[in-house]
Every structure is written in C-alpha cells, then in structure tokens.
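All chains should be built: construct the whole structure from the sequences, respecting the hints.
Chains A and B, in that order, give the protein sequences.
Here the working numbering is used: the first residue of the first sequence is 30, the next is one more, and so on.
Here the working numbering is used: the first residue of the second sequence is 25, the next is one more, and so on.
The set of hints was computed from the structure by calculation and includes no laboratory data.
The structure displayed is predicted, hence computed values, not measured ones.
Any given hint might turn out to be false.
Just a few of them, taken from the derived set where beta-carbon distance is under 8 Å, the chain A residues facing chain B [to be verified]:
(1) 41
(2) 71
(3) 80
(4) 145
(5) 146
(6) 176
Straight line, CA to CA, 27 Å or less: simulated DSSO-like cross-link-like pairs of lysine-lysine [claimed, not checked]:
(7) B:166 with A:36
(8) A:97 with A:33
(9) A:33 with B:154
Even for Gly, the Cβ is constructed at its ideal location relative to N, Cα and C.
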Amino acid sequence: MSSKGQKLIEEIFPSLQAIGYDITSPATKEYNCIAWAAGDSETWWWPNKDCFWPYEIPQEESLDVFIKVYEALGYSLCDNDRYEEGVEKVAIYVDSEGIPTHAARQLNNGRWTSKLGKLEDIEHNTLEGLAGYEYGTVAVIMKRPKKN
Amino acid sequence: MTYVETVSKGSKKWVPIQNGGVAVGKESSFIHGEYKRSAEHYLLPISRQWANPLTRFLTLKAEWEAETAHLSSMTKIVMHHAYQQIIGMGQIAIPLILLEMGKKPDHWFWALRSITGEDPVLPEHRGRLKQMTEDWLKWGRKNGYIT
Chain A
30 MSSKGQKLIE EIFPSLQAIG YDITSPATKE YNCIAWAAGD SETWWWPNKD
80 CFWPYEIPQE ESLDVFIKVY EALGYSLCDN DRYEEGVEKV AIYVDSEGIP
130 THAARQLNNG RWTSKLGKLE DIEHNTLEGL AGYEYGTVAV IMKRPKKN
Chain B
25 MTYVETVSKG SKKWVPIQNG GVAVGKESSF IHGEYKRSAE HYLLPISRQW
75 ANPLTRFLTL KAEWEAETAH LSSMTKIVMH HAYQQIIGMG QIAIPLILLE
125 MGKKPDHWFW ALRSITGEDP VLPEHRGRLK QMTEDWLKWG RKNGYIT
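Next comes the structure, spelled out in structure tokens:
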C-alpha cells in the first residue's frame, strides 16, 4: 500500500502507529465508515440529501439517530468492546459536541476495521487508535449475533 | 552556434543559444530559469493569479481535498471553508466543477445544487458517487456546460 497514504493516516491519527494497524484497501470516495460498518462498500451513508440514509430513520446528526441505524440492522447496545465468539460488534465515535464522526466494525480476529473518510480501509488493534481530535471518543458499542 | 563559438568569433552581442530547447550549460540553464521565473512573477503576481477562476478553483479544491480526506461527515466535508468559497464563486464555478467531476468524481453535489438551484440526481442514486456524477454530467451536457 502507498506510503503516501500511510504517512497521511499517521499524521491525522498519531496514536495509530503505536497501537498497531494495517491498511487493507485502496483509497476510495465511494463509501464511508458508516456504510462500511454496516457491511456496504458501494454507498456513502450520512443524514444528508446527497447521501444514502435508511428511509425509516430521521435525517439528524445525533447519536440516537445513528444508534437507530444500526438497531435497524439487528444491533443492540452492549457494554464492552471485547471479542465474543458468535457476536459481531460496531463502535460509534462522537466529537466533543456528541455528534457522530466515525464507526468501526469488529472482525473475526478481534481487530477492528474502519474506512477513513475518502482514504483507505484499515484494520486496527484497538478502538483507541482512532480516538483523538478528529474522531473524538467511542460513545457506544453495539452487538448482534454473527450471521452464518 | 554555441556560446564558445559565439565568443570566439568576437561577437559583442551574445544571445543565449539553445540546442534542441536545452540551454548550453548548467549555469546558463539556471540563469535562464530564474529569469523566466522572475518575469512570470512580475507579470502575473499571486493576486492576479487568484483572480483567475481556474487557478482559484484548483487552489481551493486542493485545500478542500487535503483537509477533509479523512472525514465521513458530509456536513463537515461540504461546510469546509474552501468548499464554501468555491460555492461563493457562483456560476463561473459550474463548468470547472463539471470538468473536474468528469475527470475525477468527488462529492461536488452540494456545491452544484447550491449554485444552480437544481437537483438532477435520481432518488435511487443518492449516495452512489458514480451514478450521481453521471446524473450531473448529463445535466451539464443538456445545459451547455459540457460540449
């Protein structure tokens, strides 16, 4: 993967390198983290007129609304980010005003996968790797039974 | 005729002589380059470059791309100050945006809607970059912005 992309990612998310991550896709503008966490790699999800948003969910930038999006996909709130056999988890990050900024999905190996805006997909060892000025902090973890 | 040949023939009026577009020596090439750069700077200062819509658009676009690349929030992406300045360019930005979209699709939809007051994107294409781009390019062709 390009060292240019890697350099940029490490500049924006300075703690990522120490925590451990791998770039797992080329950069693309076609989908974002909310879509990727929901298992979609073709569409940009956001409560905005130019983006896809599930029609039954209000078009509001709030944590409650983003929780509803993943609830509609079978997820429910849970209290930890530990890997559990047979369970799939997503994490929603919010900024200092409580507005959602990012979502990550846990993989079978216990690591997390994130699409970084228009940049690449990455696998990161912990959720803290992306916490900070840009994405804020993890507000909620949600889980659902893993589909076979 | 090279510089050396010119001097050896006693010419008082020396003119830099190019050989296939390349200056005769490194020093000459450097001096020529610096002269050209100074002339360009004098004739086209940065303030005048900024007045050129294409230069202004490309400068703002580069800033917008660099500072929003990692964001997922479409609100933050389109509210970025450089993107808003492109919207502020008004009608003159439409062909520049459409030309850019044709080469490299990106999320220019908010800007185009804001400037034109139109929305040619089909509801089933929302969120799909290539299809939304194609809808706008079709609009651009229909309205004479793309020939």
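Comparing the hints with the structure gives:
no., hint, result
1, 41, "holds, 5 Å"
2, 71, "holds, 7 Å"
3, 80, "holds, 5 Å"
4, 145, "holds, 5 Å"
5, 146, "holds, 4 Å"
6, 176, "violated, 23 Å"
7, B:166 with A:36, "violated, 42 Å"
8, A:97 with A:33, "violated, 36 Å"
9, A:33 with B:154, "holds, 25 Å"
In summary, the numbered hints that this structure violates are 6, 7 and 8.
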